[in-house]
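Peer 1: Using the sequences and the accompanying hints, generate a full structural model.
There are 2 protein chains.
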Amino acid sequence: MSIVRVHSLSVSLDGFATGEGQSLEAPFGHAGTRLLEWALGTRTFQGNIHGGTGGSRGVDEAYASTWTENVGAEIMGRNKFGPQRGPWTDEEWKGWWGDDPVFRVPVFVLTHHPRPPIELGGGTTFHFLDATPDEALEAARAAAGGKDVRIGGGPTTVRSFLEADLVDHMHVALVPIVLGRGVRLWDGLEGLEERFAIEAVSSPSGATHLTFERRPRADA
Amino acid sequence: MSIVRVHSLSVSLDGFATGEGQSLEAPFGHAGTRLLEWALGTRTFQGNIHGGTGGSRGVDEAYASTWTENVGAEIMGRNKFGPQRGPWTDEEWKGWWGDDPVFRVPVFVLTHHPRPPIELGGGTTFHFLDATPDEALEAARAAAGGKDVRIGGGPTTVRSFLEADLVDHMHVALVPIVLGRGVRLWDGLEGLEERFAIEAVSSPSGATHLTFERRPRADA
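Residue numbers (the working numbering), protein chains in the order written: chain A, 1 to 220; chain B, 1 to 220.
Fair warning: there could be bad hints in the mix.
Simulated restraints, written as ranges between beta carbons of each label pair [said to hold, decoys possible]:
#1 A:D165 with B:R217: 29 to 37 angstroms
#2 A:P216 with B:P117: 51 to 59 angstroms
#3 B:G146 with A:H30: 48 to 56 angstroms
#4 A:R57 with B:I3: 32 to 40 angstroms
#5 A:G98 with B:M1: 52 to 60 angstroms
#6 B:G145 with A:R217: 15 to 23 angstroms
Bear in mind the hints are in silico, worked out from the structure with no lab data behind them. Yeah, the Cβ is synthetic: ideal placement off N, Cα and C, and Gly gets one too.
Peer 2: This is how it looks when you write it as structure tokens:
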């Protein structure tokens, strides 16, 4: 059965999953790369970013490596796709990831300003949808060929899928920094733990990996 | 040298160290005992609460057990001492801990409404101070006989000592629940990690123990 998954979502001690002031030069705003330090050295990220074959194989990699396995489509928020806000002034922007993005599956970008799809190399096509989480999930499932759907972030998008109770598995990397400002993940999710079995594993990198596994539904 | 320490301060994923709606029946408000589950079964808490000799000896106990070692005085906020607010309507209240409190050292309660000291059994005397963190620390150090001073909480008090850069060691237990409301620990502490070396260790109980060790001061 196709499930809905979140992977490698990094969150500060004060619950921010991205900083304040996103721009072309600063995709995570004032947070810089601090939320991602645990991941940057892993084999998965080294391969995705640099096309290299190096990188660590420890516990951080064990978590990072699971993000593509059996994933047939991704849903992301517009702020993950780019720093623009409001109507598109041009359609040149194709995301942060160049002509051969790491996704290699259909990607559904949630935006109130839809535009034509962008087909890039390696199997990545960006589709733009003005849709609720339920509607977006229906579209992504149809494109995923029976595989799972990944909610790719950012925090506003993940939160909206958690609020709609559509997430089956979530991996959060808790990073021991205090960001102070940005976009919070946990707002409006009081009692989230009642819906999930949660496991915590600390890494020598300083990050703590939390996995949330959806408990069986009462009506299942 | 006498240092300033925080122990067993439990915090939710969304950064709350106590819930909303404290009352005589609910010292932690709507949080109930959920933030303390990791600690309740330990040998230290079993001994403190019930005077018993049972309890666990695993990693949770390893952290819980360090809270009294070489501590000569505690500073706490008024909301840790009791649920009353504003001027005292009577002076009957002696804290939540009965006639033989677990502290066994002088305890300085920060309040804008000072009252005469209360001397109880086992070495615990409650002193009431309307003071800044610096002033309170001076009084506690004078009473501690060369030993360390513990900042006992709650979150507002710990935060005020962190803001004043007076904390040398801090143990936080991160509990994988989303409280949604209450009193936050991390507000106003952006960049706290620059002042501390931080270590994270997850426990089978689900809690993750974070220790913050003050880095040497630039002027030291």
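Peer 1: None of the hints should be skipped; say for each whether it holds.
Peer 2: Hint-by-hint comparison with the structure:
1. A:D165 with B:R217: 29 to 37 angstroms: violated (48 angstroms)
2. A:P216 with B:P117: 51 to 59 angstroms: Cβ of A:P216 to Cβ of B:P117: about 56 angstroms, so the range 51 to 59 angstroms holds.
3. B:G146 with A:H30: 48 to 56 angstroms: violated (43 angstroms)
4. A:R57 with B:I3: 32 to 40 angstroms: Taking Cβ atoms as reference, A:R57 and B:I3 lie about 39 angstroms apart, which means the hint holds.
5. A:G98 with B:M1: 52 to 60 angstroms: Hint holds: Cβ distance 55 angstroms, inside 52 to 60 angstroms.
6. B:G145 with A:R217: 15 to 23 angstroms: violated (58 angstroms)
Violation of the numbered hints given earlier is confined to hints 1, 3, 6; the remaining hints are satisfied by the structure.
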